[in-house]
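Go ahead and model the full structure; you've got the sequences and the hints to work with.
2 protein chains.
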Amino acid sequence: MADISPSRWDDQSAVPEVVVGRLPQYVRVLKELLSDGVEVANSQQLGQQLQVTPAQIRKDLSYFGRFGKQGRGYSVRRLLDELQQILGLNEQWNVVVVGVGRLGKAILSYPGFTPDGFHIVAALDNNPSLIGQEVEGVKVRAVEELDAVVKAQNITIAVVAVPVRFTQQVIDKLVECGIRAILNYAPTSPQVPESVKIRSIDPVLSLQSMTYYLTNGSE
Amino acid sequence: MADISPSRWDDQSAVPEVVVGRLPQYVRVLKELLSDGVEVANSQQLGQQLQVTPAQIRKDLSYFGRFGKQGRGYSVRRLLDELQQILGLNEQWNVVVVGVGRLGKAILSYPGFTPDGFHIVAALDNNPSLIGQEVEGVKVRAVEELDAVVKAQNITIAVVAVPVRFTQQVIDKLVECGIRAILNYAPTSPQVPESVKIRSIDPVLSLQSMTYYLTNGSE
Chain A
2 MADISPSRWD DQSAVPEVVV GRLPQYVRVL KELLSDGVEV ANSQQLGQQL
52 QVTPAQIRKD LSYFGRFGKQ GRGYSVRRLL DELQQILGLN EQWNVVVVGV
102 GRLGKAILSY PGFTPDGFHI VAALDNNPSL IGQEVEGVKV RAVEELDAVV
152 KAQNITIAVV AVPVRFTQQV IDKLVECGIR AILNYAPTSP QVPESVKIRS
202 IDPVLSLQSM TYYLTNGSE
Chain B
2 MADISPSRWD DQSAVPEVVV GRLPQYVRVL KELLSDGVEV ANSQQLGQQL
52 QVTPAQIRKD LSYFGRFGKQ GRGYSVRRLL DELQQILGLN EQWNVVVVGV
102 GRLGKAILSY PGFTPDGFHI VAALDNNPSL IGQEVEGVKV RAVEELDAVV
152 KAQNITIAVV AVPVRFTQQV IDKLVECGIR AILNYAPTSP QVPESVKIRS
202 IDPVLSLQSM TYYLTNGSE
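Protein chains in written order, with this note's numbering: chain A, 2 to 220; chain B, 2 to 220.
Calculated directly from the structure, the hints in this document are not laboratory data.
Errors might be hidden in some of the hints.
Which copy is meant is left open, so a pair is good if it fits within one copy or across any two.
Only pairs whose alpha carbons sit at most 27 Å apart, straight line, appear in this in silico DSSO-like list of lysine-lysine [unchecked claim]:
(1) Lys-106 to Lys-140
(2) Lys-60 to Lys-174
(3) Lys-152 to Lys-32
(4) Lys-140 to Lys-174
(5) Lys-152 to Lys-60
(6) Lys-140 to Lys-32
(7) Lys-140 to Lys-60
(8) Lys-32 to Lys-174
(9) Lys-60 to Lys-106
(10) Lys-174 to Lys-106
(11) Lys-174 to Lys-152
(12) Lys-152 to Lys-140
(13) Lys-60 to Lys-32
Encoded structure:
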């Protein structure tokens with residue numbers, strides 16, 4: 002069993018964004034290992050699951066302190082606990098969905114958010130026929146109420162599912178209201194200040210990054 | 002107006018995957034610029050849209066040859082054409098969706114694939130009550146027919162929207178049938194051979210990569 006001595010993980014400015022982006026995948030794999038009864042794992046095993054090199058895993062974790070002893074592997078449970086704490090996954094996050102069209106409705110009905118601590122507590126739209134209706138247990142309110150809703154319900158994260166032509170203005174408004182993390186489903190690249198994090202869910206971009214290899218041959 | 006002399010883009014082994022992953026975003030921004038009537042753009046302008054540094058853009062494009070002359074900017078249309086060709090976006094790609102539950106149905110009804118050349122021509126499920134039905138103009142067939150369907154319809158890309166517990170076995174079967182590009186919607190990290198490309202769409206992972214900054218403060 003390995004020692005865990007995280008010591009530097011509060012120095013987050015030093016951690017590359019690409020490393021932070023991999024940590025949730027580590028958390029997922031560690032959870033899977035734990036549910037399979039695996040209590041200790043080395044970086045070879047983790048690397049195989051994640052399809053990254055063991056050296057990469059050791060390097061990634063080194064940003065947050067010394068999690069394992071050379072040759073003795075990681076305690077799956079303790080590494081999982083630490084990574085969850087580092088990522089803020091032990092907290093509950095209140096989320097607002099802006100845009101309750103077909104996509105927004107699918108997001109509201111997605112069962113995967115709540116078990117991971119993301120609670121959709123509010124939904125906004127500008128369509129009068131939707132406002133006041135309840136969708137998946139959440140009452141749809143007018144976009145004009147955004148600021149009040151964010152403050153009243155202690156919301157820190159927004160999911161944006163509005164048409165492309167409205168995306169930037171909605172995101173500007175979210176930033177004005179103090180939202181610092183945005184998940185964007187519109188197929189566009191919105192601008193945000195440096196202090197705001199944004200991630201886009203875009204299946205077409207993912208497909209297009211693979212056709213390169215189909216076109217040019219990858220063997 | 003800048004010269005475009007791509008010369009090395011057939012040497013794809015030299016291009017880091019992260020660079021390839023950015024190219025579709027370049028394509029999107031160039032399309033937006035073109036529709037705004039912008040004919041020439043420099044790396045400052047592109048970088049601002051993409052929120053990457055101008056140096057990064059010049060470095061990314063340098064993998065594929067010399068696209069612009071120092072200080073004169075890129076011809077938006079020609080850079081767009083070249084990148085689309087490099088990524089194989091002038092072709093039509095036939096796609097099979099495996100799993101026609103709520104998520105699979107949402108994917109089948111998503112209007113964003115076809116304009117970008119991705120045609121969902123087949124859908125498979127193992128649920129007898131779905132097999133034979135038509136969803137969004139596509140007839141649902143049994144998973145057992147996968148190999149025949151892939152060959153008959155010249156399918157090269159698969160979208161996987163089955164429950165987590167079936168994901169790996171479905172993906173193994175896709176690889177057996179010769180599929181080389183997979184878009185996975187299940188919240189798990191499936192294993193594929195090196196010759197196969199896989200991308201996962203996972204909103205929870207995206208959210209979790211942002212809570213790090215909310216937790217640790219990003220200013």
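Taking the hints in turn, this is what the structure says about them:
1. Lys-106 to Lys-140: both (12 Å within a copy, 25 Å between copies)
2. Lys-60 to Lys-174: neither (38 Å within a copy, 34 Å between copies)
3. Lys-152 to Lys-32: neither (34 Å within a copy, 38 Å between copies)
4. Lys-140 to Lys-174: For Lys-140 and Lys-174, only the intra-copy Cα distance (20 Å) is at most 27 Å; the inter-copy one is 43 Å.
5. Lys-152 to Lys-60: neither (39 Å within a copy, 43 Å between copies)
6. Lys-140 to Lys-32: neither (33 Å within a copy, 37 Å between copies)
7. Lys-140 to Lys-60: This pair counts as neither: shortest intra-copy Cα distance 45 Å, inter-copy 48 Å.
8. Lys-32 to Lys-174: For Lys-32 and Lys-174, the Cα distance is within 27 Å only across copies (25 Å; inside one copy 37 Å).
9. Lys-60 to Lys-106: Neither: 40 Å inside a copy, 41 Å across copies.
10. Lys-174 to Lys-106: within (21 Å within a copy, 32 Å between copies)
11. Lys-174 to Lys-152: within (14 Å within a copy, 49 Å between copies)
12. Lys-152 to Lys-140: within (17 Å within a copy, 47 Å between copies)
13. Lys-60 to Lys-32: So Lys-60 and Lys-32 pass the 27 Å test inside one copy only (21 Å; across, 38 Å).
Going through the hint list in order, the structure does not satisfy hints 2, 3, 5, 6, 7, 9.
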